[in-house]
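Protein chains in written order, with this note's numbering: chain G, -8 to 123; chain L, 576 to 746; chain Y, 57 to 259.
The hints are simulated quantities; they were obtained by calculation from the structure and are not laboratory data.
The model shown is predicted, which means the values in this text are computed figures rather than measured ones.
Be a bit skeptical, because a hint or two may be false.
A short, non-exhaustive set of chain G residues, derived as facing chain Y with CB atoms under 10 Å [claimed, not checked]:
1) Ser41
2) Gly55
3) Val78
4) Val83
5) Ile89
6) Leu106
EDC-like, lysine to aspartate or glutamate: derived pairs with alpha carbons at most 16 Å apart [stated by the list, open to error]:
7) Y:Lys187 / G:Asp108
8) Y:Lys187 / G:Asp56
9) Y:Lys137 / G:Asp(-6)
10) G:Lys24 / G:Asp101
11) L:Lys679 / L:Glu728
12) Y:Lys137 / G:Asp56
13) Y:Lys187 / G:Asp101
14) G:Lys24 / G:Asp110
15) G:Lys24 / G:Glu115
16) Y:Lys187 / L:Asp677
17) Y:Lys187 / L:Asp579
18) L:Lys679 / Y:Glu186
19) G:Lys24 / Y:Glu136
20) G:Lys24 / Y:Glu135
Heads up, the beta-carbon is just placed ideally off N, CA and C, and yes, glycines get one too.
Here is how the chains run, residue by residue.
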Amino acid sequence: MSDIAAQWNYYVVIVLMMLGFYAVIARGNMVKKMVGLNIFQTSVFMLYISVGKIDGGTAPILTGDAASVYSNPLPHVLILTAIVVGVATTAVGYALIIRIHEAYGTIEDDEVAALVDADQEARERADAGPAS
Amino acid sequence: MQDDPVIRVVAKVLIPTIMLFALYVQFHGDYGPGGGFQAGVIFAAALVLHAVVFGLHRARQVWPMRYNLMGVSAGVLLYGGTGVWSMLAGANYLDYFALKADPKAAQHLGILLVEFGVGLTVASVMVALFFAFAGRLTHIRLVAKTAAHETAEAGKAAADNGAPARDGDAG
Amino acid sequence: MGMFAVNAFLIFLLVIIAVVALNVHRLFALVMLSGAFSLTAAAQFVVLDAVDVAFTEAAVGAGISTVLALATLSLVPREEKPHAIAPLPALIAVATGALLMVSIGDLPQFGAADAPVHIHVAPDYISGSEKLIGVPNVVTSVLASYRGYDTLGETVVIFTAAIAVLLILAGWTRAPHLRDGETENTHIAQNAQDREDGQKDAG
């Protein structure tokens, strides 16, 4: 039990990851998938930042005091850029959702799949029709 | 929202303040939290506020889309160009020590240029994304109008020629 | 110890927000919860000493992301079709989580100063930032100088994303699957017309 308390951050990060992962693979609504992806991403960010934390450390901005302990700056750099890249890819996702809605009138992925199948069948029938 | 004097006046005070704060975050990033990524997003937030309060149309007049395209490219070019400069000075790509004789001044200069490139790109990208998303409805209407016009033209051409017009030939 | 309690509380709050977000069906509420999630995550980053990351998360995750999501919601339906819990995806998610939890036992103690990650390059970065580079903010010196190639790559990624979004949303494209006499414009025009008719009927 003390182990869970000591490694609390890692356990909760994994719970967050599970929630985000479930939203991405199980939910049909595309906006919800994007929010799930966001939660998934944030759980990974949280894992990296938790790894970089040192007990009794401060933010890695040098104070000039030789005795001060700084948390590891490397994960901070990696995650800083990952957040901005994350929002850029999220924007591409939302843009695709808008175009999917314009083309099919729905953003539920099972309905879109059904419409794509129906469209395909109709096309095949139309193409085969005049020839036969 | 354009008609509410409180929001208009508050926005007029806030927008330049936000832009100034973005510049502070940009150039104080060496000494405190901040840097190009944060500054770019904050600068974009000022223009988003302008668009929300005064309307997208006004915001696009103040900050035309071509500024965004120039800013996006110029930022990446500035970043890459700094690397080329250090190569021309005889060092490796993005090795700032070659930029100046004093090593710390050289690093400061290199970091300043690179961070400014990042800030420029991020600010322009965020504004461009907002304009693209918020302007989509207008864009669809414009496309629909053009399509209707094209169809009408095609119909007229068909009537003139007495032959069935095909969509591709009409334009 | 007080810091640890704040940390434990904030990360637990994140789980609560995530669970609520999974269960709401109004997408507007979902987007607002997503913003709240990002802001709580930013507070958590401050507790974990990552002030630069917190700054970025607050500006990007809670700010621009929410604005873009709201702009999307102005164009798409705002209600989610209700779903029951899907057993297979839930099983996959739980199994993945369980495997990861087993591996936590091999991780170094949270906050330990002698973990491998802290003794490899990080001390060089911290001392070098002071002596070689002269920039007090170590994150900035690592971001722009030590790992300048990474940051150049990230800048090019967001450049590419902007080009992609502009092509998707503001471009005039003709899709290859359309047949003769059909253009992308006719489809969009038809759908826009349908939607406006629908709104008129509703209103």
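Results of checking the hints against the structure:
no.	hint	in the structure
1	Ser41	holds, 6 Å
2	Gly55	holds, 8 Å
3	Val78	holds, 5 Å
4	Val83	holds, 5 Å
5	Ile89	holds, 5 Å
6	Leu106	violated, 12 Å
7	Y:Lys187 / G:Asp108	violated, 64 Å
8	Y:Lys187 / G:Asp56	holds, 14 Å
9	Y:Lys137 / G:Asp(-6)	violated, 41 Å
10	G:Lys24 / G:Asp101	holds, 13 Å
11	L:Lys679 / L:Glu728	violated, 67 Å
12	Y:Lys137 / G:Asp56	violated, 58 Å
13	Y:Lys187 / G:Asp101	violated, 59 Å
14	G:Lys24 / G:Asp110	violated, 25 Å
15	G:Lys24 / G:Glu115	violated, 32 Å
16	Y:Lys187 / L:Asp677	holds, 13 Å
17	Y:Lys187 / L:Asp579	violated, 55 Å
18	L:Lys679 / Y:Glu186	holds, 10 Å
19	G:Lys24 / Y:Glu136	holds, 11 Å
20	G:Lys24 / Y:Glu135	holds, 14 Å
Going through the hint list in order, the structure does not satisfy hints 6, 7, 9, 11, 12, 13, 14, 15, 17.
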